[in-house]
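The numbering of the sequence shown is this note's numbering, which starts it at 1 and goes up by one.
In short, the hints are calculated from the structure, not lab data.
Be aware that one or more of the hints could be misleading.
Quick list of in silico lysine-lysine cross-link-like pairs, BS3-like style, CA-CA up to 25 Å [said to hold, decoys possible]:
1) K506 - K496
2) K625 - K648
3) K506 - K648
4) K362 - K351
5) K510 - K625
6) K671 - K625
7) K431 - K107
8) K510 - K107
9) K625 - K387
10) K107 - K299
11) K299 - K351
12) K510 - K496
13) K431 - K506
14) K411 - K387
15) K510 - K431
16) K671 - K411
17) K510 - K671
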Amino acid sequence: MSAKARYFAGIDGLRAVAVLSVLLYHLHESFLPGGYFGVDIFFVISGFVVTGSVAGARFDSLFQFQGYFYARRIVRIMPALVFCLVVTAVVGTLFIPSSWLSNMLAKTGLAAFFGGSNIVLALNNDEYFSPRAAFNPFVHTWSLGVEEQFYLLFPMLIYFFHHERPGARTTRAVAVISALSVISFALCGLMTWYRWEYAFYLIPARFWELGAGVVLYLSMNAWAPHISALSPQKYNLGFITGLLLVAVSFVIPATIFSPFPAALVPVAGTACLIAFIVAQPERALPAQFARPAPVFVGKISYSLYLWHWPTFVLFRWTVGLDQIQTCLAAVAIAVLLAIASYEIVEQPARKFQWQKRLSVAKFIPASLAVVLVITGATAGVFKYKSKLTLSVTGNTDVWYPLARKSVVSAKDCRIVRSDVVEGGVPLTIWKPTECQGAPSAGIVYVVGDSHASAYTTMVRQFALDTGTTVKVYSHEGCAFIPLDRPIAEHDSDCRKSHQVIAQYLKGAIKPHDLVFLPSLRLPRFGNQWGDLDGESRASTPAAQNQAAVVAEAMQLLAPITQHGARVEFEAPKPIFRTPPFRCSDWFNRDNAVCAPGFNMSRQDLEKLRTPILAAMTELTANNSKISVWDPFPLLCPDQTCTSFRDGKPLFFDADHLSGFGNDLLYGNFSKNTLALMGSTQSANAEPKK
């Protein structure tokens with residue numbers, strides 16, 4: 001039943017090329033713009049090698065074949081993978097703060113235990129080339145997910161040709177897998193244009209690459225004699241052609257043409273190189289791939305692939321990966337971890353004679369049960385992150401502008417949160433119940449971009465203290481009534497959002513209601529992953545488009561105010577270049593992202609927000625039901641604005657408020673909002689301490 005495939009050292013050398021290209025790209029994309037195509041090289045190699053691993057084996061049933069194949073894959077993949085995932089989860093919990101930039105870590109990491117991280121990333125629109133992916137230490141496991149899903153299919157693809165005559169078996173298998181690969185290639189083309197993340201991450205669009213390796217092995221008897229018979233000149237020309245194709249792929253930058261059709265270049269080049277290495281491994285050119293150094297790197301390539309990315313990501317979160325010394329240190333640590341993993345985990349697992357202790361029927365479920373238990377333990381690590389982290393952000397009430405578990409109410413209310421869809425609009429509703437006294441007559445609608453959610457602590461407290469229902473609509477990156485430029489200049493998703501929310505408010509608004517409009521209306525200086533180019537901020541688009549944006553705003557707000565409701569704009573808050581949550585710990589404050597510091601000139605910020613304030617002033621002059629609440633003086637009372645006060649963060653990142661910032665603004669916001677709503681309740685409502 002067992003079969004030992006012939007070993008080709010040159011293929012390990014090719015693995016070395018693949019893993020080193022990926023490593024260089026991940027270290028810094030400018031080092032090798034197309035280095036990510038190393039994964040495509042791995043796919044072709046995997047298809048070829050895994051087919052060779054079962055060649056010559058004979059089985060009495062599909063079940064027997066599946067058991068044999070899956071057991072071998074578990075031994076080959078799972079020990080090193082599980083070890084890496086557990087260590088990465090623990091270290092990430094200790095050193096990586098919770099944030100938008102890191103909010104996919106737990107989902108991706110847990111899914112990776114069972115080969116599903118590629119699906120999680122695809123469904124969450126987490127593009128491989130996006131900043132959030134660059135800060136996720138588990139994102140590289142997507143390719144392992146593709147391979148593991150392929151391995152689930154592989155026995156069924158191969159077994160059904162098992163009992164045919166050798167020639168017919170090969171011909172039919174090649175025909176079927178080639179046809180499936182062509183379909184996959186076509187799907188890859190369609191998905192690249194219509195759902196890029198599906199094309200990049202999912203097996204239907206990647207099957208053809210592994211299929212190319214399978215077909216290459218199955219058809220070996222057809223092409224190997226022809227290559228072996230080539231003259232040295234023609235052989236060298238063919239080998240160099242494969243090398244050139246792979247080399248060309250490494251300089252193809254990340255574009256919309258990846259994976260289709262760009263991935264065809266490294267796949268064709270890899271298939272060509274494998275063919276020439278296998279046909280004549282002793283010739284001069286393929287022998288270079290079989291030298292000790294590339295073979296050694298190839299042998300540890302799986303562990304190096306597993307460990308290099310978490311190492312690089314941890315450096316990004318802590319000391320940074322922007323200087324030559326940190327890059328060299330990161331590479332050295334990744335290589336040492338890979339060697340340790342290979343020697344301590346991979347090799348012992350391969351040599352372990354599990355067959356003498358367990359049957360395949362027991363080994364597979366036992367292995368999966370162990371992985372399941374470890375996954376559960378890892379989930380517990382993620383769950384208690386705030387208690388385990390070494391970061392000061394573990395003080396969640398101070399750092400995070402989210403709803404707290406325990407909040408005291410001035411009216412002894414109990415708050416109920418519900419996430420619903422009303423009129424096609426997804427809302428988070430904070431509804432106070434069991435309050436002393438009459439409930440508020442009006443509803444507060446909080447509508448904006450991510451800054452609307454960043455006021456969660458404040459508006460929830462307002463609901464508790466006043467008995468007012470608060471409904472929050474937050475569309476990331478899309479301000480309602482932006483004022484910095486006409487809505488027509490926003491992307492189609494944002495324009496659609498404006499139409500939907502405007503229509504919803506028109507039908508939902510009643511007298512005594514209030515619409516609060518917080519949003520980022522200034523050009524950012526920095527985001528969660530770094531400082532942005534600060535040029536051309538002296539004159540924002542609003543300065544040039546004020547007449548247009550004011551007219552547009554008046555038109556959108558008219559149906560709201562005509563119903564008797566009030567509109568409360570949030571005037572622009574201070575913005576900064578450095579995200580405090582990434583720069584407040586002993587292990588990250590020297591990161592290059594922290595270099596701009598936590599201070600900004602008040603004069604510069606006042607100048608920056610002048611056009612937006614001018615537009616808001618014009619709106620209030622034209623409509624008495626529109627007003628402006630300005631948190632700026634409270635957040636920046638001095639000539640220098642700072643992200644901290646009394647050692648506590650006013651801001652979580654470069655522009656979103658922290659929980660402490662919410663607390664600071666609450667009293668003023670409550671007084672202003674109650675006055676606008678015409679409430680008979682105290683305008684000085686304060687949360688009990």
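Status of each hint after checking the structure:
Distance hint between K506 and K496 is fulfilled; the C-alpha atoms sit about 16 Å from each other, no more than 25 Å. A hinted pair counts as satisfied when its Cα atoms are at most 25 Å apart, and K625 with K648 does not qualify at roughly 36 Å. This hinted pair does not check out: K506 and K648 have alpha carbons roughly 40 Å apart, beyond 25 Å. A hinted pair counts as satisfied when its Cα atoms are at most 25 Å apart, and K362 with K351 qualifies at roughly 19 Å.
At most 25 Å may separate the alpha-carbon atoms for a hinted pair to count; K510 and K625 meet this at roughly 13 Å. Of the pairs offered as hints, the one joining K671 and K625 holds, with about 17 Å between alpha carbons and a cut-off of 25 Å not exceeded. Annotation: proposed proximity of K431 to K107 is violated, straight-line Cα distance about 30 Å (limit 25 Å). Note on K510 and K107: the hinted pairing is violated, with a Cα-Cα distance of about 41 Å set against a maximum of 25 Å.
Using a Cα cut-off of 25 Å, the hinted pair K625 and K387 is violated, with the two alpha carbons roughly 46 Å apart. Between K107 and K299 the CA atoms are separated by roughly 30 Å; this puts the pair beyond 25 Å, and the hint is violated. Distance hint between K299 and K351 is fulfilled; the C-alpha atoms sit about 15 Å from each other, no more than 25 Å. This hinted pair checks out: K510 and K496 have alpha carbons roughly 24 Å apart, not beyond 25 Å.
Straight-line distance between C-alpha atoms of K431 and K506 comes to about 21 Å, which keeps the hinted pair within the 25 Å bound. Our distance criterion of 25 Å between C-alpha atoms is broken by K411 and K387, whose separation comes to about 31 Å. A C-alpha spacing of about 17 Å is found between K510 and K431, which places the hinted pair at or below 25 Å, so the restraint holds. The hinted pair formed by K671 and K411 meets the criterion: a straight-line CA distance of about 16 Å does not exceed 25 Å.
Distance restraint check for K510 and K671: the Cα-Cα separation of roughly 21 Å lies within the 25 Å cut-off, and the hinted pair is therefore satisfied.
In this structure, the hints that do not hold are numbers 2, 3, 7, 8, 9, 10, 14, in rising order.
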